[in-house]
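K.L.:
Let chain F serve as the given structure and place chain E on it in line with the hints.
Heads up: the protein sequence lines correspond to chains F and E, in order.
Those letters in the first sequence? Residues 1 to 449, by the numbering used here.
Those letters in the second sequence? Residues 1 to 449, by the numbering used here.
Mixed in with the good hints, there may be bad ones.
[To be verified] Have a look at the derived ranges for each label pair, beta carbon to beta carbon:
no.	chain 1	residue 1	chain 2	residue 2	range
1	E	Leu-447	F	Gln-280	51 to 57 Å
2	E	Ser-201	F	Ser-45	39 to 45 Å
3	F	Glu-120	E	Ile-278	38 to 44 Å
4	F	Ile-205	E	Thr-14	39 to 45 Å
5	E	Asp-312	F	Ser-350	42 to 48 Å
6	F	Lys-79	E	Lys-414	38 to 44 Å
For the record, the hints were derived by calculation from the structure and aren't laboratory data.
Here a beta-carbon is modelled for each residue, glycine too, at the ideal position from N, C-alpha and C.
Protein chains: 2
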Amino acid sequence: MPFEITKKIVEQVTAYIDAKNDVALDKLFCEMHHADIAEILDEISFDRAVYIIKLLDSEKTSEVLMDVDDDVREKILKKLSAKEIAEEIDELDTDDAADIIAELPEAKKEAVMSEIEDVEHAKDIVELLRYDEDSAGGLMAKELVKANENWTIVQCVRELRKQASEVTRVHSIYVVDDSDKLKGRLSLKDLLMAPARAHISDFYIPKVDFVRVNDTSEDVANIMRKYDLSAIPVVDELGVLVGRITIDDVVDIIKEEADKDYQMAAGLTEDVEAGDSIVQLTKARLPWLILGLFGGIGAAAIMAGYENIIKDHAVLFFFTPLIAAMAGNVGVQSSAIIVQGLANNDVKGSIANRLWKELLLAIVNGIILAILLFIYTYATGGDYKVSLAISISLFSVIIMAGIIGTFIPLFLDKRGIDPAIATGPFITTSNDIFGILIYFLIARLILGF
Amino acid sequence: MPFEITKKIVEQVTAYIDAKNDVALDKLFCEMHHADIAEILDEISFDRAVYIIKLLDSEKTSEVLMDVDDDVREKILKKLSAKEIAEEIDELDTDDAADIIAELPEAKKEAVMSEIEDVEHAKDIVELLRYDEDSAGGLMAKELVKANENWTIVQCVRELRKQASEVTRVHSIYVVDDSDKLKGRLSLKDLLMAPARAHISDFYIPKVDFVRVNDTSEDVANIMRKYDLSAIPVVDELGVLVGRITIDDVVDIIKEEADKDYQMAAGLTEDVEAGDSIVQLTKARLPWLILGLFGGIGAAAIMAGYENIIKDHAVLFFFTPLIAAMAGNVGVQSSAIIVQGLANNDVKGSIANRLWKELLLAIVNGIILAILLFIYTYATGGDYKVSLAISISLFSVIIMAGIIGTFIPLFLDKRGIDPAIATGPFITTSNDIFGILIYFLIARLILGF
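Next comes chain F alone, as it looks inside the complex (with noise of 0.2 Å):
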């Protein structure tokens, strides 16, 4: 069943393009998704994008243009005028419509704008591109069926063929007071369950979750996602109604708040992909690489100073790769748990407790891992002491980074940063720095040199 775009769709749609067969590629999209027709540009040159889109229906290419890669998608706006950008415009929901129009550059914009032909569309379009991106105005679509609480059910059908007519997909009606304001809900199967004379305030379901226009993009996630809910009706400051938010936006959320800390976990600062140009994959990898480097240096610098006591004790100086990686292990879990903590909100009470839960917790590994190498280096031929001094540092060196990796990313959250930015390369080149630090006092301590 899942549609593969295979090589040869791709080489089949070049050749007709290159031969300007258009009888064939009407043909070929007319009965393909557009997710899918999405993909076989993502994988063709830009010009022959451009000629798809421009040879396609708008009804179609509407679609196609919000599927693309943002990159793609930004090349081929470029390619189309004023007008044509409209005529997409006009074929697109609200929220999609606003998100195209925000990617415009400023001039332009204007002159979209001034070419859409539905007036209400592009009132209701203006009003969108208000609100913050990341926020539920800038998820939610003005389409949606609304009705007021003291029609009959005779009256809400009839509304609701002129209304739904114009809603691609209708999850819930709404229902309204005489000013606007939600009051509760009727799905579409209580419709068709209840008595034709019957009024909807009889029987709407008054408890209804809704957010706020104001309400971040990540609230709304998590309150669908908890609540199971499909769409969700967004209200403004007094409670009226002007908008909802659909499942699938909130599904592309989650995923891409998924994606983001996953990549900000493994060092890659910027959103990329396997197919991204090798620029833009190196954008994305050397700046965290170059931090590396100076943790690197940095920890060369701390061993440098030590460099006196080499002939003596050389092989503190074999176990620094170790203590560097069990810092950054330690750290990396530590933040990883607490960054996923707080996306899915289950971190509870004070950063007191976690911290207190954290330091029990790299006691417990701490002193096992810190056993098993004592028993290695003694075992090995090791000097008593020596030994000693190897495998208490690590204890402490975990005991630091785990304290370390739970305090930082708490910290940022409570100053307003996102945490994720902690995890990964940033802490582990701290850790690796600090570790060794620590690692050579307290040797020093031991041993005394």
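P.N.:
Positioned in the frame of chain F, the structure of chain E alone reads:
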């Protein structure tokens, strides 16, 4: 709007339970959403949670049971009799019911099944238990609304009223032929808009996305996300409609998959949360740390082999943490891009192509980083030849780490193993050892010791 579980609510619930104040508890929970009750149950002691489950209506508690943490549910189910569990099962949709049954020990499974009152419901559950839990069959529910293509609209609405009372949320009506084969779909909206005497066959949508019972849950998630579906029908090998999957279940899968990859990258073997016990957290973290310990010991052993040169080339030893860290960082970056690309289905081209691209990328990054390191070591009074040896080693290690980080996940994926295990500590540790080995080999080549 989002409901917050405050410390106060938890304390109040605890006090009510301890005073056996059932009236107050009933009143408190009657208006509360099951997902919120579940959050409270996760917070209070286990005996108190059982008390609440036994107190409230099974109509409510069945949903609560689905929402509590897995380990809390397991404990609660142990305390309930087969009859009590069967009452909960009776209230649940077949997909949730099957999930609960699947978690029970074999003996209790049969006892519970024999207590279920609704025979049809029990039959459906037994059918669902046959499917792998990670397949479309394991995800689907039997509850759906279907219509025969030969019905009139009036017939359809009448039948629908009967069927829909069983189904929590109606997304689409699935149209089937006389042998129950899936033919197409019909939205409730279309049904509302259609003339009463029309036949379904005249205007249902024959193009309908579907999955087969044996498709993996990952495939299901990808299709629903790509095509923005809120529900998808499931057919068996003969094309017969056997169930449907709704987006809320898939949202959880998407989130879990992403969380799992993230945890793997961070070195956490089991699905742990910030709130888990120290024993659970240790189980998830310690194995990776022990792996890291072995890696560090390996690196130390390699360095011990070069002890004789430590007098002349002490500086080489100072840069081992840097080399190990860079090898780890590059490896994690490369593998994360591949793992995420595989999960999102956008790694195109052959393994050879991917390796070639990674090689170019590693050369670009490697040259820049090696030059930076050379400038630092030479400028801080380093010997020309030693600086060159360290920089060239760094360059080589970056290339090796990039290739290993790209190859391992692609290789695992080809062999049907989850490539996510190749990220995090696994790749870091192996790259640490290889990195230090290469470093000393190259240094020996250049410095001739």
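K.L.:
State for each hint whether it applies.
P.N.:
Results for each hint:
no., hint, verdict
1, E:Leu-447 / F:Gln-280: 51 to 57 Å, "violated, 38 Å"
2, E:Ser-201 / F:Ser-45: 39 to 45 Å, "holds, 44 Å"
3, F:Glu-120 / E:Ile-278: 38 to 44 Å, "violated, 60 Å"
4, F:Ile-205 / E:Thr-14: 39 to 45 Å, "violated, 31 Å"
5, E:Asp-312 / F:Ser-350: 42 to 48 Å, "violated, 54 Å"
6, F:Lys-79 / E:Lys-414: 38 to 44 Å, "holds, 39 Å"
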